[in-house]
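Sequences and hints are given; from them, build the entire structure.
Residue numbers (the numbering used here), protein chains in the order written: chain G, 1 to 200; chain S, 1 to 274; chain B, 1 to 311.
I should point out that these hints are in silico values taken from the structure, not numbers from a laboratory.
Among the hints, erroneous ones may be present.
Output of the computed footprint for chain G on chain B, the stretches with three or more beta carbons under 8 Å from beta carbons of chain G [claimed, not checked]:
id, segment
1, 43-53
2, 248-261
Mimicking DMTMM-like on lysine to aspartate or glutamate, the simulated pairs with C-alpha atoms at most 20 Å apart in a straight line are [unchecked claim]:
id, chain 1, residue 1, chain 2, residue 2
3, S, K173, G, D144
4, B, K80, B, D167
5, S, K173, G, D98
6, B, K238, B, D208
7, B, K80, B, D37
8, S, K50, S, D39
9, G, K92, G, D119
10, G, K26, G, E60
11, G, K92, G, E124
12, S, K44, S, D34
13, G, K43, B, D183
14, G, K92, G, E114
15, G, K29, G, D189
16, G, K71, G, D98
17, S, K9, B, E28
18, G, K43, G, E4
19, G, K6, G, D197
20, G, K190, B, D208
21, B, K130, B, E187
22, S, K8, B, E28
23, G, K190, B, D210
The model shown is predicted, which means the values in this text are computed figures rather than measured ones.
Backbone N, C-alpha and C define an ideal beta-carbon position, used for all residues, glycine too.
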Amino acid sequence: MALEAKNIYFRYNRKQAWILQDRSIKIEKSQRLAIFAPSGYGKTTLAMLLAGYLKPIKGEILLNNMPLPRKGICPVQLIYQHPEMAINPRWKLKRVLDECGTYNADIIDTLGIEPAWLDRFPAELSGGELQRFCVARALISGADFLICDEISTMLDVITQAQIWNVILRETERRNMGVIVVTHNRYLADKIANQTLDLTV
Amino acid sequence: MKKLNRRKKVIIWTVFLVLVFLCLYACGILIPEDVIASDFLDAKHMPSWKHPFGTDALGRDLFFRTLKGLSISITIGMIASAISAVIAILVGISVAVGSKPLDSLINWLIDLVMGIPHTILILLISFALGRGLKGLIIGIASTHWCSLARVIRGEVLQLRSQPYIAISRKLGKSSRWILVHHMLPHLLPQFFVGLILMFPHAILHEAAISFLGFGLPPEQSAIGIILSESMRYLSTGMWWTAVLPGLTLVCIVLLVDKIGEHLRKLIDPYSAQE
Amino acid sequence: MEQKKDALLKIQNLSVSFRRYNHGLEQENLQVVSDLDLTVYPGEIVAIAGSSGSGKSILASAILGILPNNAKVDGNLYFKGETLTPQLQQQLRGTKIALVPQSIAFLDPLMKIGKQVDGHRRPKPVQTRKALFARFGLPQEIQYLYPFQLSGGMARRVLVSTALISDAELILADEPTPGMSLDQALEALQMFREIADQGKGVVLITHDLDLAFEFADRVAVFYAGTTVETAPASDFKKGPDALRHPYSKALWHALPQNGFHPIEGFQPYAGNLPPACLFAPRCPYATEKCRTQAPLLREVRGGEVRCYYGA
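So this is what it looks like as structure tokens:
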């Protein structure tokens, strides 16, 4: 199984220059690819395209040589940079986990989510704690590919290491493909077994 | 006594105002017809202990007539603004699930209805439907939804661009599911506050239309009727027939407006922390 | 006493709490910063490193006196030996103390860039602005544009310009670099360096530890609203043995280039803080004393540490 971007072009409107031009990427399941670039190189746009949040103007995104499914749970899940925007502020966190499928005590445990947090509202937790829920949500959904768009940029290094260690362990166990979008060279080297530098 | 914090004060005020409002409404409904029957021996009296608002040219007690009139106004206002608010939320939601052309159409419709002065529009609709209660309610309901619809539409558009909505879609949730579980909980507080703030407009318009003679029939005790009757006697020095019922109407409008403001303060997370 | 005179900014035992409503109707006071100490001398860049919720941004607001109305501030703040009163803060902010805000939303959306950077200064500092823009690689034409017409990285550089154009003796930079490219970020930091070399002070608030180590003279590590360690930046480059506080050591070990090994647990919440040492519940070396009696800040090897055992 492979996720593939084939010669994609993208821009938000006609007046703009191309953000992505003739870009091709292929990643196999169980691989970990780091997309590395400073800001302004369309990292986030590429992540959104690969996860199906945006449609390329030209070219196509293929999963197993088929376009991404439009209905049902998407097998490519994106984790955002800002967890507080990725969670409905009026929902208790238990509901956030319920949204993605069956409650899985195992994942919640490994991510270090305290049972007491489930009865709280997002505003009562820190970014690092919320990001654990976003990761849990993506893992529980049973996706085959995980796209992590600067997920630890806003977190302190200890939380960053805690979360990434879980992601690495879990994705390995489930044989998932991971795409890491980051501007941190050290992080890219540590996590991925392949690096794509958008600047070249 | 322990000092109350702002939030508690607001809640106590709101409950108090709602009680006052309900009392007035109940009084108006419970007053028997014979209290406001005409009594020519008692006509044209200044306000006194026996008749707090005085009596009109036909000798009807103006205090009780005003209360009765208010309860009619409140009934019309409540029904009309409830219908209006429902229209508003339906319009807002159709933006949420609909396509871009639908949004443009709705926007155009809102601009159109807002462009025509309300009084004239209500007057025309009420007249076309044969005046009376029904015409008045339909007239008011079909003109007051625009501003709330615009607020809800804005809210929906803002919600639609939230990442958690996009994520929900990628987790396989349908538009309907997202509407019910993600969007409605955000919209309902807006809806209720909008409903309550719409109410004073509705009763003012009701009074205005009745005053102009295109609303309720003259035998009803509506405030608009009382005011328009009093016009004939103002020049003879019967000031109380216009001033006291008019002031009462203003008080009711301010009362409901205050309730709406308080509710908004309770719901709005930004002002709640002050 | 001697040091208080020399220091550009001295903060002693700063505590900030917010009054807020809990779930029901009761009001409560939420302590977010407690016993925070920080000193900035002329000519240095002090980086403040810590996770979100450790009180970094609140500190900047407290220095400028722009905390919201429901905040309560205790403790001593001195600017050049003078106590910072609300009146003095109002006088100093924008002239002697400048802020580089955290978000580009701080730009006035309805004011053109040029006017915004110039501010109320008379005569208009047009030449200085042009020179600043040139150094940041900002085209001069953007002075006629509105903020929404700029890219995120450009707006960031404009924000830094607004602070650098003032003659401020103290610059508080709250996360100034995200969104800039590496070159631009380095240029901005290089300019902070030059300003510091002119005898001014820079407080660099950041959660990017690599950046802090590289450009700052000293690094203050914040945890749960207090300073746990202040150390020369070189100590962080030397490694965990040169560091004093177990939390700083844990930070070092968690960096991707240093093993990526996190310690367990979470930073405690405001409103639910441990009774004594704030780090004790996660600390491998904690003893009974740490759980009953809060350690004071003490000097160790040219740095300061809030720990009984740091050496």
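Results of checking the hints against the structure:
1. A count of 4 residues in the segment 43-53 of chain B with a Cβ less than 8 Å from any Cβ of chain G is obtained; the coverage claim is therefore met, three being the minimum.
2. Proximity of the segment 248-261 of chain B to chain G, defined as three or more residues with a beta carbon under 8 Å from a beta carbon of that chain, is established by the 8 residues found.
3. Our distance criterion of 20 Å between C-alpha atoms is met by S/K173 and G/D144, whose separation comes to about 18 Å.
4. For the given pair, B/K80 sits about 15 Å from B/D167 by alpha-carbon distance, which is consistent with the 20 Å threshold.
5. At roughly 12 Å between alpha-carbon atoms, S/K173 and G/D98 fall within 20 Å of each other, so this suggested pair holds.
6. Restraint check: the Cα-Cα separation between B/K238 and B/D208 comes to about 18 Å, which is no more than 20 Å; the hinted pair holds.
7. For the hint pairing B/K80 with B/D37, the CA-to-CA distance comes to about 16 Å; that is within 20 Å, so the pair holds.
8. Pair hint S/K50 plus S/D39 holds up; C-alpha atoms about 14 Å apart against a cutoff of 20 Å.
9. Proximity of G/K92 to G/D119 is assessed by CA-CA distance (about 6 Å); at most 20 Å being required, the pair is judged to hold.
10. The hinted pair formed by G/K26 and G/E60 meets the criterion: a straight-line CA distance of about 12 Å does not exceed 20 Å.
11. A C-alpha spacing of about 10 Å is found between G/K92 and G/E124, which places the hinted pair at or below 20 Å, so the restraint holds.
12. Distance restraint check for S/K44 and S/D34: the Cα-Cα separation of roughly 18 Å lies within the 20 Å cut-off, and the hinted pair is therefore satisfied.
13. As the CA atoms of G/K43 and B/D183 are separated by approximately 17 Å, the hinted pair is consistent with the 20 Å bound.
14. Under the criterion of a C-alpha separation no larger than 20 Å, the hint pairing G/K92 with G/E114 is consistent with the structure, at around 14 Å.
15. Distance restraint check for G/K29 and G/D189: the Cα-Cα separation of roughly 19 Å lies within the 20 Å cut-off, and the hinted pair is therefore satisfied.
16. As the CA atoms of G/K71 and G/D98 are separated by approximately 19 Å, the hinted pair is consistent with the 20 Å bound.
17. Using a Cα cut-off of 20 Å, the hinted pair S/K9 and B/E28 holds, with the two alpha carbons roughly 16 Å apart.
18. For a cut-off of 20 Å, the pair hint linking G/K43 to G/E4 stands: about 16 Å separates their Cα positions.
19. At roughly 17 Å between alpha-carbon atoms, G/K6 and G/D197 fall within 20 Å of each other, so this suggested pair holds.
20. Of the pairs offered as hints, the one joining G/K190 and B/D208 holds, with about 17 Å between alpha carbons and a cut-off of 20 Å not exceeded.
21. A threshold of 20 Å between alpha carbons decides the hint, and for B/K130 with B/E187 the separation of about 16 Å falls inside it, so the pair holds.
22. Between S/K8 and B/E28 the alpha-carbon distance is near 14 Å, which keeps this suggested pair within the 20 Å criterion.
23. At most 20 Å may separate the alpha-carbon atoms for a hinted pair to count; G/K190 and B/D210 meet this at roughly 15 Å.
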